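Just so you know, the sequences run in chain order G and L.
Take any residue in the first sequence, count from 1 to its spot, add 366: that is its number in the numbering used here.
Take any residue in the second sequence, count from 1 to its spot, add 366: that is its number in the numbering used here.
Treat the hints as calculated values from the structure; they're not laboratory data.
Since we're looking at a predicted model, the values are computed, not measured.
Don't take each hint at face value.
The list makes no distinction among identical chains, and a pair is therefore deemed to hold if it is satisfied within one copy or across any two copies.
Claimed, not checked - DSBU-like mimics (lysine-lysine), calculated; alpha carbons at most 35 Å apart, straight line:
#: 1; residue 1: K447; residue 2: K1051
#: 2; residue 1: K437; residue 2: K557
#: 3; residue 1: K707; residue 2: K414
#: 4; residue 1: K495; residue 2: K1051
#: 5; residue 1: K934; residue 2: K843
#: 6; residue 1: K725; residue 2: K557
#: 7; residue 1: K651; residue 2: K449
#: 8; residue 1: K837; residue 2: K727
#: 9; residue 1: K449; residue 2: K1051
#: 10; residue 1: K1002; residue 2: K469
#: 11; residue 1: K437; residue 2: K1051
#: 12; residue 1: K414; residue 2: K725
#: 13; residue 1: K942; residue 2: K494
#: 14; residue 1: K707; residue 2: K449
#: 15; residue 1: K1051; residue 2: K494
#: 16; residue 1: K1051; residue 2: K673
#: 17; residue 1: K1051; residue 2: K727
#: 18; residue 1: K469; residue 2: K942
There are 2 protein chains.
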Amino acid sequence: MIRTSTLALAAMALAACAAETPRTSGLATNQSADQLFVPSVQPTGFDKTLSSAREAVDAAMAAPIAVPVPKDAGGGYTHEKHKDNARLIFNAGALYRFTGEEKYASFVADLLEEYATVYPNWGQHPAKKEQSPGRMFWQNLNESWWLVHAAQGYESIHGTLSEEQREHIEANLLRNMSDFLSEGSPETFNKVHNHGTWATAAVGITGYAIGDDAYVEKALLGLDLSGEGGFLRQMDVLFSPDGYYNEGPYYQRYALMPFVLFAKYIEQNEPEREIFEVRDGILKKAIESTIHQNYGGLFFPINDALKDKGIATTELLHGVAIAYDLTGDPGLLSIAEAQGKFVLTPESKKVADAIAAGKSKPFDYRSMRLLDGQGGTEGALDILRVSDDPDDQALVMKHTSQGLGHGHFDKLGMLYYDNGNEILRDYGAARFLNIEAKYGGHYLPENNLYAKQTIAHNTLVVDETSHFNGKTATGNKFAPELGPFITTTNLQLSSAKTSDAYPGTELSRKTAIIRDAAFARPVIIDIVQAKSSGSHQYDLPFHYNGQLIDTNFEISADSQSRSPLGEKNGYQYIWKTGQAEPVNDLSQLTFLLDDRFYTLSTATPDNTTILLAETGANDPNFNLRREPALVLRAEKVSDASFVTVIESHGEYDPTLEFTVNSHSSVASVSHREETGYDRVDILSKAGQTVTLLLADSNEEFETTDASGNSIKWQGPAHLLNSQ
Amino acid sequence: MIRTSTLALAAMALAACAAETPRTSGLATNQSADQLFVPSVQPTGFDKTLSSAREAVDAAMAAPIAVPVPKDAGGGYTHEKHKDNARLIFNAGALYRFTGEEKYASFVADLLEEYATVYPNWGQHPAKKEQSPGRMFWQNLNESWWLVHAAQGYESIHGTLSEEQREHIEANLLRNMSDFLSEGSPETFNKVHNHGTWATAAVGITGYAIGDDAYVEKALLGLDLSGEGGFLRQMDVLFSPDGYYNEGPYYQRYALMPFVLFAKYIEQNEPEREIFEVRDGILKKAIESTIHQNYGGLFFPINDALKDKGIATTELLHGVAIAYDLTGDPGLLSIAEAQGKFVLTPESKKVADAIAAGKSKPFDYRSMRLLDGQGGTEGALDILRVSDDPDDQALVMKHTSQGLGHGHFDKLGMLYYDNGNEILRDYGAARFLNIEAKYGGHYLPENNLYAKQTIAHNTLVVDETSHFNGKTATGNKFAPELGPFITTTNLQLSSAKTSDAYPGTELSRKTAIIRDAAFARPVIIDIVQAKSSGSHQYDLPFHYNGQLIDTNFEISADSQSRSPLGEKNGYQYIWKTGQAEPVNDLSQLTFLLDDRFYTLSTATPDNTTILLAETGANDPNFNLRREPALVLRAEKVSDASFVTVIESHGEYDPTLEFTVNSHSSVASVSHREETGYDRVDILSKAGQTVTLLLADSNEEFETTDASGNSIKWQGPAHLLNSQ
């Protein structure tokens, strides 16, 4: 095992000039010493991070060290204090590396020695969680997080310590904690799960930091060194071949951090493992796919997700910096610019320098199908983007597997974005993180009772019951069957179906983005179908974001009193605010958000009632946001198809006082099931007809266009543009 | 009368190199020719404006000229086309001035000749409004606006025309239209009102452009040259001595444009009038007071106001540029930076150049009392700011007069801002400007029925009836009586009272901002009092912006059904969503907006019920936004005082996952009316007491502080900080 690359060693020797040569290079990869010491002419983002870290650490150094006896659960004083101390150890260590100022090394040493003195005496945490209890924290996940930071801090300053200091810190803190997290917590350490990744990363990084191969080996291969558990196995299992993490981007971001940090150490210490090339570069793919899963800087809020989490989280600051270090992809620099924040690592400094040198290029946002499941066989997250402009129209189709315990019951669900905004949205998680007054900051009861339920999503609900009857265990067994995925310029398509969400009923969805001269911007054509032998009620909700402007139907509004839309499965949290009958089987609703108009024009099935709705019923604690929805309800039918054209149109400028194209261009929408294919004709108000043809096979078909001419085309999809 | 300053003449001679020397200097004040022609090294904001104007004008020049026969009302084709043409005439004229390219001059000439050919034959507009009909437009206000632009365009290119062309355009268009707007529309032209300002500005600018003193004199002095009407009289009457316009900032912005444009022409042509020094510099004050009346770039939305209108409107682009040209105040440059847009005038170019030269300084945002009324005797708009940071806490107290037909019934109303956001807000106008589907883009019925009513504002409602019984004519007669206004560092105060809003009941409000060590940020102390001989119901609404987080009272929520809060005077548009009883006469409600918490802690009167509410009842057309409110209701009392402490506290960071100070620091609030003064004691949860003493006079008083020590102090206000 090669402990440190020669180049990195040399760099470190120069960098940590006042210190002995550290054994490892965690903070110095691809970094020459003069770069570490020469301040930039114009302060870069990294320089600002360094300055503010210096201020924070200097302030902490002026106060007495506090290492309290563990007492509080998450959010409490001792919990937060230990977290603060870990950040101080990491940051002060980095400050020593970047500035060479001894005082930072001594501060890290003081903190670590203090911990080493008390840690061995700490038994299980008094407020321990039942599963995976910790000693410093209520759960050992936090303890792993702590050690990841402390081991790096130790490594940064270890060369400045006396032999006695090293012995004290290593034996009583680093080894003691590593032993606890590995041999002492086998159920977590061996688990192929993100908690296991945190544990193996903590123990592995510690192994490199103290120069003990045994810890590294256990971290990589599991306690019994069989490879059935451990980091390498986690890399094989936890991401799909496309780098998708099955709980979705919100948790992917969190799971990513120990992967990329430990991998960085592996790369620096054992480059012969080519860790970043394993599984066709799965870690780089995981970082990139995390980035692709954002709009407006925020992650697609599928499954349990706080909607304000996005690419600027610490995890992805590390991820982007390490990926740039590996790939040199200038598109990552524009992501770093959007993040606007940096971490105290050489990789992050390199990113800031490259940005300052003007090397940034736009990130290559594009349409993609991210296969789900270890083998890529459990559905997919389809992302369709109209252009590489991150604020342009985008569709996210949730054709993934359930997403385990944090998964929502939203098979074939849709998110639609435009103009930097959520337009058709997902509620996300019902939770106020860390806000004690709101159910202690935990997931609210409304998370399971409303946010996870199917009606809270833009997908079909049968008989007011959620997919898989709201059972996660059932949901975990099934993934949708993927249909064609197309990304040509004028026609993009995402499609999938499932017969598992409701036994006896097949649901399918084909969602296209087309470009045609009849419309100023690309438009969405969304075909949602249900086929069943029995008679059902089918509800298709569109949770739209904006102010209702116009409808083509007459609303009978619940304007003097209101009652909930239903009694269970999430319906009880929604007020019915009005209802209507479709006109000529076409339901059109126009709303305004910021400076744009959006129209949903749906060709509705027989027996359809239009419902207008708003979240917030049965909410005595005011836990829910108030958001409007359109619900199209077809009753007492066995088969139903809802074909919706979604237009982004016009402009509203209250400053210059003009409004253009506030009306939909759609005059009618018709859908016919022909033999072997679906046909959708859209007639524009200007009299143009656009025809979309979608087949389940690659066969050749023949049909007539709007002018009556016979046209041959090949499946799975064809667009007859208007003339 | 001096037509053109010598310096400006010389500059223009150089500038319009291919043309004859124009007679006036409208586009060349303080501008030397080389500045006009030398492109900036880095394109300034002005350069970008010029480029995009060039693109737009070039595109228009490639299409045939269209001067349609007047037919449509506002928003229709002929209406919009004539507006477009006026902008083209202005912009193409400016392009000729700035670039010297003849093609722009010919285009202006072509357009003006076309209009000159057809305009004399146009009688009254077929869709004319009853009052002040136009010929090209349905109302002559639009015609004045058109001529303001066309006269400037003519002036820009007039030197390039043949004698015949000039004769044709001047006689058949400019004089014809000026005659129509002056002698032909005396009721508007002589009116001391902003429509009159547009008319006189149009005629006056035309007079300068064609060199005819008679038009200028009429514009300045009215048709009979008596000075009882006309521009100079309007300057005397329409603004208060502090530059406040009695309809509020939304209309002030609109009224401002003809004032500053015509005044610029007067200054250039007749500098001996010292027009910008008239009435102690009233026009400069009007521009500055308009700027001061914004938060987050948007005007305070008092009275009928679209909430998305702000400092970036065209009117204020001209206003800021002209003010900077006059004063050189570098604080105006930061306003121009915030505007981010420019107009094609030399003054706007000068602003862009100064910004590019790094001359910008922060604008001097500060607390101020803007007296209302021609003589400054009709109340005031009080603005209290915590600092000159435009995103810091700010209070707006509406102690003004009614504000005429666009005025709302919100005597003693309050707006509170913080962190760049509206926190306690005003609904503004109920209107979707130019959105035809929403009541033709006009003010909605809900504007009079809800938005203007007292309950829609943060001020006291007696017996569910609006101020002045909702009668504008009554409201116009009265203004509040102002009390002390204080702007010291640790204590700021706005105060006023009125006995006119409800005959027989005196309402008063004293609102302070204090700084004290007991609170991390300055806090508001708001005392609302009613005194009456009879027994009444007093409702104090707080229309808060954010997610309800916590209350100190137990809410009995209307969570299974909802009904309106009342039946009339705006109450019918509000859902009751819950109610509660105060605990120990203290009502505390905490809400979250973005990353901050806000708590309203009110010491409530006897017989108080707490109501939770939300707009949107009786809204079958979905015309209203959904906004929450807290309504404190005291029933069957004659006197009542509501003393509210408003705290901005803590921080919520979902990215770094921490929350601090999410709880209020207030333990209790007590209010006592002592002889000659009010005493408010706030006890913090940490046990500190802060005491605010407010008297109606400047007398000396004696009281005891929280420690029992006797303290002497002098009215009108004194703060006993916590120890």
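Between the shortest in-copy and the shortest cross-copy C-alpha distance, which are at most 35 Å for K447 and K1051: within, between, both, or neither?
Between copies, since 23 Å is at most 35 Å while 64 Å is not.
Please sort K1051 with K673 into within, between, both or neither, judging by C-alpha distance up to 35 Å.
Only across copies: K1051 and K673 sit 33 Å apart there, 38 Å inside one copy, limit 35 Å.
When Cα atoms must be at most 35 Å apart, do K1051 and K727 count as within-copy, between-copy, both, or neither?
Classified as neither: same-chain Cα gap 41 Å, cross-chain 52 Å, threshold 35 Å.
Identical-chain pair category, K437 with K1051, by Cα at 35 Å:
between (69 Å within a copy, 24 Å between copies)
As a check of your reading, is K495 near K1051 (CA-CA no more than 35 Å) within one copy, between copies, both or neither?
Only across copies: K495 and K1051 sit 32 Å apart there, 62 Å inside one copy, limit 35 Å.
Within a copy, between copies, both or neither: which one fits K1051 and K494 at a CA-CA cutoff of 35 Å?
Between copies, since 31 Å is at most 35 Å while 65 Å is not.
Tell me, please, which holds for K449 and K1051 at an alpha-carbon limit of 35 Å: within, between, both or neither?
between (61 Å within a copy, 27 Å between copies)
As a check of your reading, is K725 near K557 (CA-CA no more than 35 Å) within one copy, between copies, both or neither?
neither (41 Å within a copy, 61 Å between copies)
First find the shortest C-alpha distance between K707 and K449 inside one copy, then the shortest across copies, and answer within, between, both or neither for a cut-off of 35 Å.
within (20 Å within a copy, 46 Å between copies)
How would you label the pair K837, K727 (within, between, both, or neither) given a Cα cut-off of 35 Å?
neither (45 Å within a copy, 61 Å between copies)
Intra/inter-copy verdict for K469 and K942 if alpha-carbon distance must be at most 35 Å:
neither (64 Å within a copy, 61 Å between copies)
Is it within, between, both or neither when you check K942 against K494 at 35 Å Cα-Cα?
Close neither inside one copy (44 Å) nor across copies (43 Å); limit 35 Å.
Checked against the numbered hints listed earlier, the structure breaks hints 6, 8, 10, 13, 17, 18; every other hint is satisfied.
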